[in-house]
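**Student:** Following the hints, put chain G in place on chain F, whose structure we already have.
Protein chains: 2
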Amino acid sequence: MSADTTQTDELSRVRSNDVPASPSSSSKPLRMRTNTAEIDSTITHPGSVKINVTGAFIVDQDSSSPTNVNGSTNGGSHDTKDIRLPNHTAVVSHIAVDIGGSLAKLVYFSREPKSREPGGRLNFMNFETDRIDDCVEFMKQLKIKQQKLNGSRPGELCVMATGGGAYKYYDKIREALGVDVLREDEMECLIIGLDFFITEIPREVFTYSETDPMHFEEPRSDIYPYLLVNIGSGVSMIKVSGPRAYQRVGGTSLGGGTLWGLLSLLTGSRTFDEMLGMAERGDNAKVDMLVGDIYGTDYGKIGLKSSTIASSFGKVFRMKREAEREAEDSGGLTNGDSDPPSSSQTNPHPSSETKAPPFSAPDISRSLLYAISNNIGQIAYLQSEKHSLSTIYFGGSFIRGHRQTMNTLSYAIKFWSNGEKKAYFLRHEGYLGAVGAFLKRQPRNWGRRGSFEESGGLGLDREYPSPGVG
Amino acid sequence: MSADTTQTDELSRVRSNDVPASPSSSSKPLRMRTNTAEIDSTITHPGSVKINVTGAFIVDQDSSSPTNVNGSTNGGSHDTKDIRLPNHTAVVSHIAVDIGGSLAKLVYFSREPKSREPGGRLNFMNFETDRIDDCVEFMKQLKIKQQKLNGSRPGELCVMATGGGAYKYYDKIREALGVDVLREDEMECLIIGLDFFITEIPREVFTYSETDPMHFEEPRSDIYPYLLVNIGSGVSMIKVSGPRAYQRVGGTSLGGGTLWGLLSLLTGSRTFDEMLGMAERGDNAKVDMLVGDIYGTDYGKIGLKSSTIASSFGKVFRMKREAEREAEDSGGLTNGDSDPPSSSQTNPHPSSETKAPPFSAPDISRSLLYAISNNIGQIAYLQSEKHSLSTIYFGGSFIRGHRQTMNTLSYAIKFWSNGEKKAYFLRHEGYLGAVGAFLKRQPRNWGRRGSFEESGGLGLDREYPSPGVG
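Those protein sequences? They're chains F and G, same order as listed. At position 359 of the first sequence the residue is numbered 359 (UniProt numbering), and the sequence of numbers has no breaks. At position 118 of the second sequence the residue is numbered 118 (UniProt numbering), and the sequence of numbers has no breaks.
Chain F extracted, bound-state conformation (with noise of 0.2 Å):
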């Protein structure tokens, strides 16, 4: 009933370009890779576990993921390129939640008590948040299992929560895990998160053109500044200038909630993955109005192609006019003309469903994903040029790993700084926050190259340290 599992489709595809085989992979049976267990299963205190990443790397063809505890495909949408951590041999006894406003991003460690290669792996999973009850309801799942595993007293399970949610729902949580639940800034595990992936994974980090589409950086430590552009439901602006020093700077209201929103209405469609499909196979300038639209021709001296959008939707209102005025003389309305126009007043919707616009919903889709993406893209370039920042990472559920999407905003940070700043995505780009509230909890060891600094450096020892914000 839900289309929740299809919310990875595009994402695998675009991601396949790293991985060249096995295109069959998610037919394949589970676990087929995993027979034996060798395990240490060093139980610690929570709070001073340490997590080894030596050699941490992305796991691509990932059959071997545990699917969800409860056997359902309806409550979550698990994220496929979990991370595999070779030496890491503890066990972790917490889990990372980071609760938008539209999904719930969930990470947690788990061995692999049946395979025979040591460590464990990092597991991504997301859920609507409207559907928080089954993101609970799988979390108790992980506890019941960590108990069985660890022997571990129930209280020793510690949920690091983060976002919007982790205020909304503490309670609920808290109630139904029996277990505490510590509450983390959304911010501050953004970059926390952000740092990880960007100092620690190889292959994670990437640049996105038509002509190459997935330029792998290579992990590095002189990272700072940037600016991190997070886009969920709304888009966070945050300017980053060290470990611990942030402040986010701006952001926008015309986020992935906006386009979900707008498109559901506009095209009828369930689910985003839909959407994104819809906006592959459309096209923009069935109702956007174009510089060759008004110019007939391009604005030279101004530097406008005839091909850029001047107004997005900018065709809808007089092509809908058009199409009703023509409706409306051949219905033998012609000789109105001096008559006010008072019954379409009183009623707002004057027979929408039977004279239907022109306009099919991938072009819509099309319109609407272009018009949000340059957006977000040049005031991200604004904010970059107003706080001297030259990298732009780009963050957040609404991307999707939609070639698109990147290919728009990538665009926009090159067009308006004439070439000279650069787009950055992420491969785990929806799990900045939810990994940063998962290291929160283990302060020493794990950032090797400092992008989690030791205790006392800049105020770790401080348990909820102020933000930079000015």
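These aren't lab readings, by the way, just hints derived from the structure by calculation. Given the structure is predicted, the values throughout are model-derived calculations rather than measurements. A portion of the hints provided could be inaccurate.
Copies of the same chain are indistinguishable here, so a pair counts whether it falls within one copy or spans any two.
[Said to hold, decoys possible] Using 27 Å as the maximum straight-line C-alpha spacing, the simulated DSS-like pairs for lysine-lysine come out as follows: (1) LYS172 to LYS421; (2) LYS422 to LYS81; (3) LYS286 to LYS414; (4) LYS81 to LYS145; (5) LYS140 to LYS168; (6) LYS386 to LYS414; (7) LYS305 to LYS422; (8) LYS301 to LYS168; (9) LYS286 to LYS305; (10) LYS148 to LYS301; (11) LYS168 to LYS414; (12) LYS301 to LYS172; (13) LYS305 to LYS172; (14) LYS168 to LYS305; (15) LYS168 to LYS286; (16) LYS305 to LYS421; (17) LYS172 to LYS286; (18) LYS286 to LYS145; (19) LYS422 to LYS168; (20) LYS301 to LYS414; (21) LYS301 to LYS421; (22) LYS414 to LYS172.
**Tutor:** Chain G alone, transformed into the frame defined by chain F:
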């Protein structure tokens, strides 16, 4: 049939703030106050006419304005705020038109033959661009009238044209009227028009706030530099550093055309003013996701209030799906959990008519008006920062004197600049380009405070100086 006739309602209502009396002026018989004629009908050659603007003022009670020449209320919308030029006595034998993507704006001078007062007035009209034939017909009638009054030869009427339509409809206008059509650069005309309004016309420029809705600025001469944000179908942002020194620094495709297009699809509205009227009654919190919806409270650390819009239309997707699930559940589809949603993917409109989402047209209208206005405000602020401009003028036909729009734009500038910058509006906001084109034919004697410098000053000897596009 057409609702063009209601277009100025909102404009009149807002702007009557500074006109204490005569609420019933619109019902007065036409030309009540124009009894006798005392006109110096100096006929001069077009191009060397001098316009005397001494004592120019805005005519607020305008029952003496001519209606459309052909008597129809269908073809064009007559803007009621003519500008009276009491000391100008020459006949001006040209008209100016600024043809944009959605609207064509017309400006012409008319004497008042039956008035006992000398001088005449500048008249302002607009037509929808897709009714360009009505506009051309109106110009034809003006030409005939002008010839009767002036006895001038047909060739002496001259049409100044700007905007994209000056190129697209060049042949059409020339052939229909049999006169010269001089095309002028759009950006240049905008700033010439704006400079004129700022420096010459009392009670034209104002700031807007809820407590002081229309606070007029005195005309002044030290106006540079400033940012002009012209909001038509799309948005252009122009940095102006001197009388003829300007540069289009940016813009956005999310403009009036986007609002009108999306709202015509979403609400069935058929006129701009119907949409604005609905926006006045709506509650955006019904469709927008607020910070409080995500956090359950405010996000104090970052300074985001509970009522801040986190995601425009951010509630829609979620609520629509809930409604659809309920409809399906009650329709006996409760047992289909494990089935993939293949049917909804092949049909992009799964009975969207029968399951109406719980969103009202007024709520949607208000949300989108906020979203578009806020977005323009933020980008304008960021551009003003990048280019060190502290004064921001908003022009263009999108604004239409609408309170919510001006309030949102004002608030955005104030919010983002921490109160350091101000948004300025104009009563003739839609006519900057048309007035600029009109004035380009009158190089001397017009701008008494330097709004239009004497020839030779900054390149007026050249007929088409190249703009400062960098």
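**Student:** Now tell me if each hint is right for this structure.
**Tutor:** So, going through the hints one by one against the coordinates:
1. LYS172 to LYS421: neither (44 Å within a copy, 45 Å between copies)
2. LYS422 to LYS81: Classified as within: same-chain Cα gap 24 Å, cross-chain 49 Å, threshold 27 Å.
3. LYS286 to LYS414: within (26 Å within a copy, 37 Å between copies)
4. LYS81 to LYS145: The answer is within: 22 Å in one copy meets 27 Å, while 75 Å across copies does not.
5. LYS140 to LYS168: within (19 Å within a copy, 65 Å between copies)
6. LYS386 to LYS414: both (16 Å within a copy, 17 Å between copies)
7. LYS305 to LYS422: Answer is within; shortest intra-copy Cα gap is 22 Å, inter-copy 32 Å.
8. LYS301 to LYS168: between (53 Å within a copy, 16 Å between copies)
9. LYS286 to LYS305: within (17 Å within a copy, 39 Å between copies)
10. LYS148 to LYS301: Neither: 71 Å inside a chain and 39 Å across chains, both beyond 27 Å.
11. LYS168 to LYS414: Close neither inside one copy (39 Å) nor across copies (31 Å); limit 27 Å.
12. LYS301 to LYS172: between (60 Å within a copy, 23 Å between copies)
13. LYS305 to LYS172: Answer is between: at 24 Å across copies they meet the 27 Å cutoff, but 54 Å inside does not.
14. LYS168 to LYS305: between (48 Å within a copy, 15 Å between copies)
15. LYS168 to LYS286: between (42 Å within a copy, 19 Å between copies)
16. LYS305 to LYS421: For LYS305 and LYS421, only the intra-copy Cα distance (22 Å) is at most 27 Å; the inter-copy one is 32 Å.
17. LYS172 to LYS286: between (47 Å within a copy, 25 Å between copies)
18. LYS286 to LYS145: Neither way: LYS286 and LYS145 sit 53 Å apart in one copy and 41 Å across, limit 27 Å.
19. LYS422 to LYS168: neither (36 Å within a copy, 37 Å between copies)
20. LYS301 to LYS414: Answer is within; shortest intra-copy Cα gap is 21 Å, inter-copy 33 Å.
21. LYS301 to LYS421: within (25 Å within a copy, 30 Å between copies)
22. LYS414 to LYS172: neither (45 Å within a copy, 39 Å between copies)
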